[in-house]
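Engineer: The residues making up each chain are set out below.
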Amino acid sequence: MAAPAAVLQSEWTKIRSVRSTVWTLALAFLVTAALGAVISLVFDNNWDSMSDSDKATFDPTAVSFFGMTLGQLALIVFGVLVISSEYSTGMIRTSLTAVPQRATFYTSKVAVAGGLALVVGMLTSFITFFLGQALLGSHKARIGDPGVLRAVVGAGLYMTLLVLLCVGAAAMLRSPMLGLGILMPFFFLVSPILSAVPKVKTVAHYFPDQAGQKIMQVVPSTDDHVSYGPWGGIGIMAVWVVVALIGGYIVLRQRDA
Amino acid sequence: MIELQGLTKRYGDKTAVDHLTFTVRPGVVTGFLGPNGAGKSTTMRMMLGLDSPSGGDVRIDGRHYAQLSEPLKHIGALLDAKSIHGGRTAYNHLLCIAQSNRIPRHRVDEVLETVGLTAVARKRSKGFSLGMGQRLGIAAALLGDPEILMFDEPVNGLDPEGIHWIRNLMKGLAAQGRTVFVSSHLMSEMALTAEHLIVIGRGRLLADTSMADFIERNSRSYVRLRTPQPERLKDVLSAAGHTVVTTGDGAFEVTGVEAAQLGELAAQHQLVLHELSPMRASLEEAFMQLTAESVEYHAHGTVAPVGGPVAAGAHLAPVPQGQPGQPGQPGQPEQQPQWGAQWRNPGSGKGR
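Those sequence lines, one after another, are chains W and U.
Each residue of the first sequence is one higher than the one before, counting from 1 in the UniProt record's numbering.
Each residue of the second sequence is one higher than the one before, counting from 1 in the UniProt record's numbering.
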């Protein structure tokens with residue numbers, strides 16, 4: 001069998017040698033951090049006009065991660081392109097000719113994309129948090145406060161899992177158009193809208209992004225009655241990821257390249 | 001060595017490859033010939049484990065492709081030139097392939113040099129011309145210094161210079177004792193490079209023969225005569241022991257004798273000749289006859305013969321005559337270079 005280390009190295013060369021990797025990850029970082037900073041600044045400036053109940057449930061950690069709703073779109077593009085560009089360019093034939101053991105090929109690709117997403121996700125998460133808190137002035141949270149470190153690490157995990165989910169989904173769909181056309185609207189529109197609709201939202205709370213984002217909350221909001229905690233939420237997301245990755249592998253294994 | 005045993009590929013109820021059994025032997029260029037849609041590419045993809053067979057078996061050096069741990073060291077393949085991520089530089093494209101098979105980095109520079117892409121190694125392949133893309137694909141095939149090389153329609157869409165380069169490359173690789181398996185839909189191309197020939201049509205094996213045999217059998221030469229005194233000529237020729245075939249348009253065809261001899265014979269008997277042409281059925285024609293029944297997409301209606309006299313009766317053994325939908329076969333006069341002529345000339349061709 002092909003040496004896993006060699007295939008990992010090859011996948012690393014692949015991922016670092018295309019521009020889309022740099023662009024999407026840089027954009028994810030910039031948008032998340034910058035938007036989080038702006039929102040934090042806005043909250044700090046408007047603190048006095050906020051109602052008492054709003055002040056009581058004010059979650060400085062979650063506020064600084066507000067930019068994630070947009071920043072995650074770039075991560076979706078990254079996750080989808082990592083695998084579907086192999087199909088759209090025809091590179092998949094070259095890749096599988098070099099590494100015919102499809103399980104090795106797939107695991108290496110997933111590991112490299114996931115590893116890179118973890119590093120970028122954690123960097124983004126910590127920088128976004130500290131930048132946001134610095135701009136929140138006296139209303140800021142400290143990393144040592146209860147649940148805050150969990151939320152910050154969790155934000156990095158969320159980004160990693162989101163990328164892996166997209167890798168798995170794209171492996172099943174095989175086309176960048178399909179992958180982006182389904183995943184972008186889903187995470188940007190469908191999921192947030194459905195999670196705000198009464199009744200439907202009890203189901204929508206189990207969508208991967210809705211469940212996963214729970215870990216970024218430190219102060220529970222008054223109106224949600226979800227049955228899982230922060231780690232439970234990320235666990236639900238992880239189940240989605242595992243299912244997507246297995247589905248992607250089955251498609252890769254069964255179908256002709 | 002590549003061995004196919006009853007290899008079959010079905011898409012729904014359409015059979016693309018139908019029980020193919022043949023062996024690609026080492027040390028020679030084997031031509032894999034068939035009309036468009038005959039199943040050549042599908043067969044090659046199954047050899048490389050990209051498509052899974054519906055039935056049968058294909059082995060590389062006795063093993064399935066997926067069992068090869070570092071396959072590029074056994075076999076290098078050029079499928080289509082577009083199996084490349086255009087956003088990656090030529091160097092990085094080759095580097096990531098090399099790394100996966102633990103091929104040392106210096107091989108990347110070597111193969112870039114071999115295919116003449118060193119100058120554009122750091123350029124993204126998006127901007128490459130078709131010929132450059134083809135060269136990059138060949139560089140990837142050569143990376144692992146494999147014993148077996150497989151090229152799918154390597155000259156398609158290339159300019160004459162590129163075609164010439166690929167021909168010489170294949171000959172050079174075979175001269176080094178490697179196995180070269182190359183597909184084409186052009187007999188002329190094969191006649192120039194291949195030593196062994198495998199012909200398929202509609203997924204079925206039609207011929208598995210050496211090129212020498214194929215030429216021997218199929219490039220029948222004959223002389224065509226026309227005269228206003230057909231009866232007398234026929235008698236004279238028969239008397240001289242020649243077999244005469246009368247074609248539909250009133251011409252005679254005589255096999256196995258020089259045109260000059262027939263001319264002299266006619267002169268002795270004071271016969272008027274309106275035509276005395278040495279003819280040769282081309283290999284292209286033989287190939288078309290062989291695959292006529294299996295051509296996927298026929299051009300319906302009659303195709304006007306291009307140039308040269310029409311050898312209406314030039315049907316070639318062992319192929320049955322009168323294929324439906326078969327356009328008139330243009331014959332070729334002796335003066336034109338013959339397919340396979342260079343091949344038979346020991347001065348050119350592979351250094352054998």
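Calculated from the structure, these hints are not laboratory results.
It should be emphasised that the depicted structure is a prediction, and the values quoted were computed from it without experimental measurement.
We put the beta carbon where it would ideally sit given N, CA and C, even for glycine.
A hint or two may mislead.
[As the list claims (entries may be wrong)] Under 7 Å between C-beta atoms, here's a sample of chain W residues computed to sit facing chain U:
1. Pro4
2. Ala6
3. Ser10
4. Thr13
5. Ser17
6. Thr21
7. Thr89
8. Gly90
9. Thr94
10. Val99
11. His139
12. Lys140
13. Arg253
14. Ala257
[Claimed, not checked] To give an idea of the interface, some chain W residues facing chain U are shown, with a C-beta separation under 10 Å as derived from the structure:
15. Pro100
16. Gln101
17. Val218
Engineer: Look at each hint and say if it fits the structure.
Structural biologist: Hint check:
no.: 1; hint: Pro4; result: violated, 10 Å
no.: 2; hint: Ala6; result: holds, 5 Å
no.: 3; hint: Ser10; result: holds, 4 Å
no.: 4; hint: Thr13; result: holds, 4 Å
no.: 5; hint: Ser17; result: holds, 4 Å
no.: 6; hint: Thr21; result: violated, 10 Å
no.: 7; hint: Thr89; result: holds, 4 Å
no.: 8; hint: Gly90; result: holds, 4 Å
no.: 9; hint: Thr94; result: holds, 4 Å
no.: 10; hint: Val99; result: holds, 5 Å
no.: 11; hint: His139; result: violated, 44 Å
no.: 12; hint: Lys140; result: violated, 42 Å
no.: 13; hint: Arg253; result: violated, 10 Å
no.: 14; hint: Ala257; result: holds, 4 Å
no.: 15; hint: Pro100; result: holds, 4 Å
no.: 16; hint: Gln101; result: holds, 6 Å
no.: 17; hint: Val218; result: violated, 41 Å
Consistency with the previously given hints fails for numbers 1, 6, 11, 12, 13 and 17, ordered from lowest to highest.
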